[in-house]
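**Student:** Listed below, chain by chain, are the residues.
Number of protein chains: 4
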Amino acid sequence: MSDIIRFGISMDSKLLKRFDELISEQGYSNRSEAFRDLVRDRLVKEEWKDGNVETVGTITIIYDHHKRDLAEKIIDHQHHQHDSIISTMHVHLDIHNCLEVLAVKGKANHIKKIADELISAKGVKHGKLVMTSTGKNL
Amino acid sequence: MSDIIRFGISMDSKLLKRFDELISEQGYSNRSEAFRDLVRDRLVKEEWKDGNVETVGTITIIYDHHKRDLAEKIIDHQHHQHDSIISTMHVHLDIHNCLEVLAVKGKANHIKKIADELISAKGVKHGKLVMTSTGKNL
Amino acid sequence: MSDIIRFGISMDSKLLKRFDELISEQGYSNRSEAFRDLVRDRLVKEEWKDGNVETVGTITIIYDHHKRDLAEKIIDHQHHQHDSIISTMHVHLDIHNCLEVLAVKGKANHIKKIADELISAKGVKHGKLVMTSTGKNL
Amino acid sequence: MSDIIRFGISMDSKLLKRFDELISEQGYSNRSEAFRDLVRDRLVKEEWKDGNVETVGTITIIYDHHKRDLAEKIIDHQHHQHDSIISTMHVHLDIHNCLEVLAVKGKANHIKKIADELISAKGVKHGKLVMTSTGKNL
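Residue numbers (my numbering), protein chains in the order written: chain C, 1 to 138; chain Z, 1 to 138; chain H, 1 to 138; chain F, 1 to 138.
Honestly, the hints are just simulated from the structure, not real lab data.
Ideal Cβ placement from N, Cα and C applies to all residues, glycine included.
Wrong hints could be hidden among the right ones.
Claimed, not checked - According to the in silico footprint, chain Z covers these stretches of chain F (three or more CB under 8 Å from chain Z): (1) 3-10; (2) 14-21; (3) 32-41.
To be verified - Straight line, CA to CA, 25 Å or less: simulated SDA-like cross-link-like pairs of lysine to any residue: (4) F:Lys113 - H:Leu38; (5) C:Lys73 - F:Met11; (6) H:Lys128 - H:Gln81.
The whole structure should be built from the sequences, with the hints applied where relevant.
**Tutor:** Listed below in structure tokens is the structure:
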């Protein structure tokens with residue numbers, strides 16, 4: 001199990017005041033939590049620089065399900081990646097447009113490749129990869 | 001209904017060759033589709049600059065469900081936002097860590113506020129907002 | 001004058017260890033300085049969200065000075081903005097390509113507009129705006 | 001020498017209209033130039049993924065020149081990197097704060113390292129690296 005350490009930071013009072021105002025607007029009830037979030041976000045960015053670390057991402061795509069064969073292609077693609085794709089959420093935005101989010105686990109480079117392939121498919125209008133983490137070392 | 005227009009672009013041949021190589025690696029079978037994706041991505045970015053446009057986002061969070069009251073807080077928070085939160089996907093990453101993705105619809109500024117509130121909650125280790133689109137004007 | 005405050009932060013020991021390793025690689029000799037940089041970077045981002053705050057930016061452009069009239073256009077453009085453009089640095093990269101960096105002071109929205117106009121000029125191959133700060137409140 | 005190629009792109013008319021409006025606001029007089037800029041920006045991003053490509057960057061830092069030894073440290077640091085640092089621009093923002101921009105040439109990873117070292121120095125309040133290009137293949 002991991003221990004909680006308490007350590008001191010010195011900072012200009014004006015700077016700290018501005019930071020406290022900002023995080024309170026964002027909804028933080030606690031300054032330590034805001035600092036931990038800054039640290040965790042910085043570490044997740046590092047994790048993704050090394051393409052071979054096991055990590056987690058989510059891929060969000062918007063597509064028109066009327067485009068010929070697109071829905072099948074997307075499902076087919078996902079089945080070929082069944083080891084990596086943990087789960088999928090599908091939302092009908094309107095009569096044409098779908099939102100689909102895939103939770104993906106694997107090496108950073110492999111997750112990026114799956115994202116590239118889905119986002120480049122014809123009929124996919126917009127797509128973004130979120131590079132997050134397994135949470136294990138955070 | 002919308003028409004398809006065909007128009008010409010002039011480009012240095014070396015530049016076009018490098019672009020063709022890049023998009024082929026990414027999986028594009030078609031140069032027009034790659035250009036359309038560049039255009040759509042640029043327009044989605046603009047949409048989010050104006051906080052009052054109706055749009056769609058997904059919020060990805062990683063959290064430890066053992067943190068006292070966090071799971072309830074997150075569910076409670078979502079119910080208060082039931083007009084905006086369309087759907088949720090939950091993945092058990094390991095004994096401690098959960099991945100949750102929320103599909104959210106509403107004004108850009110409101111979606112950002114929901115994301116801020118969830119990401120700043122104690123116990124949420126990492127969070128990211130994807131700013132995407134209803135797909136209607138893409 | 002501003003005072004230095006010392007305050008405590010609590011953090012999981014594993015998380016702190018990973019952060020300490022990262023900042024030591026980046027060259028930080030001091031943990032407080034790394035935290036101050038995270039805070040200052042966050043505050044600078046906020047400053048630029050409000051387009052009317054007086055701030056400072058630098059605009060980097062790469063262009064081919066053989067393109068007809070481009071060099072004159074760029075100089076002319078800068079003279080029209082002489083109130084905002086503090087200084088310029090010009091580097092001859094090779095026989096064709098120039099690097100030019102402009103230091104610009106003014107309202108955030110005005111600096112963005114100057115950047116858009118320069119980057120969109122024909123012959124300018126690449127351009128980026130750095131959103132930084134007057135340093136006064138950091 | 002490189003040739004100019006003209007090729008066709010097909011696009012939904014509504015999408016093209018929105019893009020034309022956006023680029024006209026940004027100051028583009030020409031649709032081809034806007035597409036070339038999208039392509040060049042995409043290619044520059046790729047260049048920096050491979051840390052060993054020779055490229056060009058600019059480093060912008062804001063610092064307080066009253067901080068003990070900082071100005072000397074920064075100058076000293078630059079002399080040790082004289083092979084990489086092409087030129088420097090210094091602006092006195094106010095009685096305390098300086099803006100300094102360095103034009104740097106070299107392998108992507110080496111430029112990133114120089115940026116890390118400068119930005120992490122005590123007294124440097126804010127810093128950003130612009131990843132641009134030699135312009136040769138754009």
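**Student:** All the hints need checking, so say for each whether the structure fits it.
**Tutor:** Comparing the hints with the structure gives:
no. : hint               : result
1   : 3-10               : holds (count 8)
2   : 14-21              : holds (count 5)
3   : 32-41              : holds (count 6)
4   : F:Lys113 - H:Leu38 : holds, 18 Å
5   : C:Lys73 - F:Met11  : holds, 22 Å
6   : H:Lys128 - H:Gln81 : holds, 18 Å
Violation of the numbered hints given earlier is absent; every hint is satisfied by the structure.
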